[in-house]
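Colleague: Read off the chains here:
There are 2 protein chains.
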Amino acid sequence: MKGIPPATVQRLPIYLRCLSDYAGQTISSENLAQLARVNSAKVRKDLSFLGSYGTRGVGYDVDHLVYQISRELGLTKDWAVCIVGMGNLGSALARYRGFPDRGFAIMGLFDSDPRKVGKKVGSREIESLARFKRVVKDRDLSIGVITTPAGSAQEVADRMVAAGITSILNFAPAVLKVPDGIDVRRVDLSTELQICSFYLARSVADRAG
Amino acid sequence: MKGIPPATVQRLPIYLRCLSDYAGQTISSENLAQLARVNSAKVRKDLSFLGSYGTRGVGYDVDHLVYQISRELGLTKDWAVCIVGMGNLGSALARYRGFPDRGFAIMGLFDSDPRKVGKKVGSREIESLARFKRVVKDRDLSIGVITTPAGSAQEVADRMVAAGITSILNFAPAVLKVPDGIDVRRVDLSTELQICSFYLARSVADRAG
Chain X
335 MKGIPPATVQ RLPIYLRCLS DYAGQTISSE NLAQLARVNS AKVRKDLSFL GSYGTRGVGY
395 DVDHLVYQIS RELGLTKDWA VCIVGMGNLG SALARYRGFP DRGFAIMGLF DSDPRKVGKK
455 VGSREIESLA RFKRVVKDRD LSIGVITTPA GSAQEVADRM VAAGITSILN FAPAVLKVPD
515 GIDVRRVDLS TELQICSFYL ARSVADRAG
Chain S
335 MKGIPPATVQ RLPIYLRCLS DYAGQTISSE NLAQLARVNS AKVRKDLSFL GSYGTRGVGY
395 DVDHLVYQIS RELGLTKDWA VCIVGMGNLG SALARYRGFP DRGFAIMGLF DSDPRKVGKK
455 VGSREIESLA RFKRVVKDRD LSIGVITTPA GSAQEVADRM VAAGITSILN FAPAVLKVPD
515 GIDVRRVDLS TELQICSFYL ARSVADRAG
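Top line first, the protein sequences correspond to chains X and S.
For the first sequence, my numbering puts the final residue at 543, and the numbers step up evenly by one.
For the second sequence, my numbering puts the final residue at 543, and the numbers step up evenly by one.
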């Protein structure tokens, strides 16, 4: 199970997203490949790492596949997540339905601005960063999401590491230095726009040519 | 140039993000592979589609590579982008520095709520959806970003298609029906959290075992 290649891990959430519209159905590797925009041999190879091979002429049972991918991604247990930096993006993520739907429970919202502390976002109050370490311990928070401006991101990451968080998702446009053993993922919200751009540039060239 | 596989296209923005911290330097395919979490043979293959082969023992010239990837992704011209749905997420995207940095000019912000129309987000005023079609034409908007609640997303997509937009980035948790020839990409903000979860589940299992 530990031998799943990182590139396959990166695709599993994409398969999961594509499959969400096909609950209760079966799906062929070709169809899933088209939805996920990879080739079907790769889909079959990826899913074989989960011990899933589908049925010839029928395809994969979607509900079972969703269960297998979810289990592999560790989504069958809930993870407690905190968000630090309650500007627009932090607030949007705090309210984002896709998180609880995927097993991510938002259990802490933090900001260093005393004017924000005590205000509610959804059903949860924003707390002061001064309480961060204690809250992480008390609520057993596992994943820290950084949505501060770039200039504060390193300080927040240091605080997360000191509090015992080992998995950090960074939306701030900053490179973070963390000790070995801490998993930092940087999210670039313009990634998908760049893919739009690729296809758009080609269709404009086609029309022109 | 049109023969670049979709899977490679998906990785180009990731390379670009990784390279942004190495301006003016050279980078080996191994190093870039590690940063992008793919294997180095794949990196070399992907970059060969751009006609970029690196220098043995030296690696790739980062600035040149950034230029080549940007050109390939159509990022060397600015695209005019509009955002429809000015809640927290729309507002966050409207202010997101990563968009103009990558050549995406936010040229229109729209909401159907008359209480939001006329308010400023950053330096731009929110406009009424009633003006949408005219604005798309006047400002030559190419890409539409949907950040409405799920229930309004289809209606907004229909409006975008009617206005002549052919590339849609959908942040709403909804499946959109669009005519052939319209490129819709759905962004799931929980994708990266799911990858966090994968590695976290394994490290928890390691510590327990």
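I should point out that these hints are in silico values taken from the structure, not numbers from a laboratory.
Heads up, a few of these hints could be off.
[Unchecked claim] Straight-line distance between alpha carbons at most 30 Å, and here's what the computed DSSO-like set of lysine-lysine pairs gives:
(1) Lys453(X) x Lys450(S)
(2) Lys471(S) x Lys411(S)
(3) Lys379(X) x Lys454(X)
(4) Lys411(S) x Lys453(X)
(5) Lys450(X) x Lys453(S)
(6) Lys453(S) x Lys471(S)
(7) Lys454(X) x Lys450(S)
(8) Lys454(S) x Lys471(S)
(9) Lys511(S) x Lys471(S)
(10) Lys450(X) x Lys411(S)
(11) Lys379(X) x Lys376(S)
(12) Lys376(S) x Lys453(X)
(13) Lys454(S) x Lys450(X)
[Claimed, not checked] Reference excerpt, derived from the structure (chain S facing chain X, CB under 7 Å, subset only):
(14) Tyr356
(15) Phe383
(16) Tyr387
(17) Pro434
(18) Asp522
(19) Glu526
Cβ atoms here follow ideal geometry from the backbone N, Cα and C, with glycine treated the same way.
Colleague: Are Lys376(S) and Lys453(X) close enough, with their CA atoms no more than 30 Å apart?
Modeller: violated, 48 Å
Colleague: Just to be careful, I want the Cα atoms of Lys379(X) and Lys454(X) compared with a cutoff of 30 Å; is the pair within it?
Modeller: Given that 30 Å is the threshold and the Cα spacing comes to 46 Å, the pair is violated.
Colleague: What's the verdict on Lys411(S) and Lys453(X), does the C-alpha distance respect the 30 Å limit or exceed it?
Modeller: violated, 42 Å
Colleague: Could you check if Glu526(S) really has its C-beta closer than 7 Å to a C-beta on chain X?
Modeller: For Glu526(S), the interface hint holds, since the closest Cβ of chain X sits about 5 Å away, which is under 7 Å.
Colleague: Hint check: Lys511(S) vs Lys471(S), CA-CA at most 30 Å. Holds or violated?
Modeller: holds, 23 Å
Colleague: Does Asp522(S) pass the interface check with chain X, least Cβ-Cβ distance below 7 Å?
Modeller: Result: holds, 5 Å to nearest chain X Cβ.
Colleague: Take a quick look at whether Lys454(S) and Lys450(X) sit within 30 Å of each other, Cα to Cα.
Modeller: At roughly 21 Å apart (the allowed maximum being 30 Å), Lys450(X) and Lys454(S) satisfy the hint.
Colleague: Close enough to count: is the Cβ of Phe383(S) nearer than 7 Å to one in chain X?
Modeller: Since the shortest Cβ distance to chain X is 12 Å, the answer is violated.
Colleague: Would the stated hint for Tyr387(S) survive a check requiring a Cβ distance to chain X of less than 7 Å?
Modeller: violated, 21 Å
Colleague: Hinted pair, alpha-carbon criterion (30 Å max): Lys454(S), Lys471(S). Please report holds or violated.
Modeller: holds, 22 Å
Colleague: Is the hinted pair Lys379(X) and Lys376(S) satisfied, with a Cα-Cα distance of at most 30 Å?
Modeller: holds, 16 Å
Colleague: Check whether the Cα positions of Lys453(S) and Lys471(S) lie no farther apart than 30 Å.
Modeller: holds, 22 Å
In this structure, the earlier hints numbered 3, 4, 10, 12, 14, 15, 16, 17 are contradicted, and the remaining ones agree with it.
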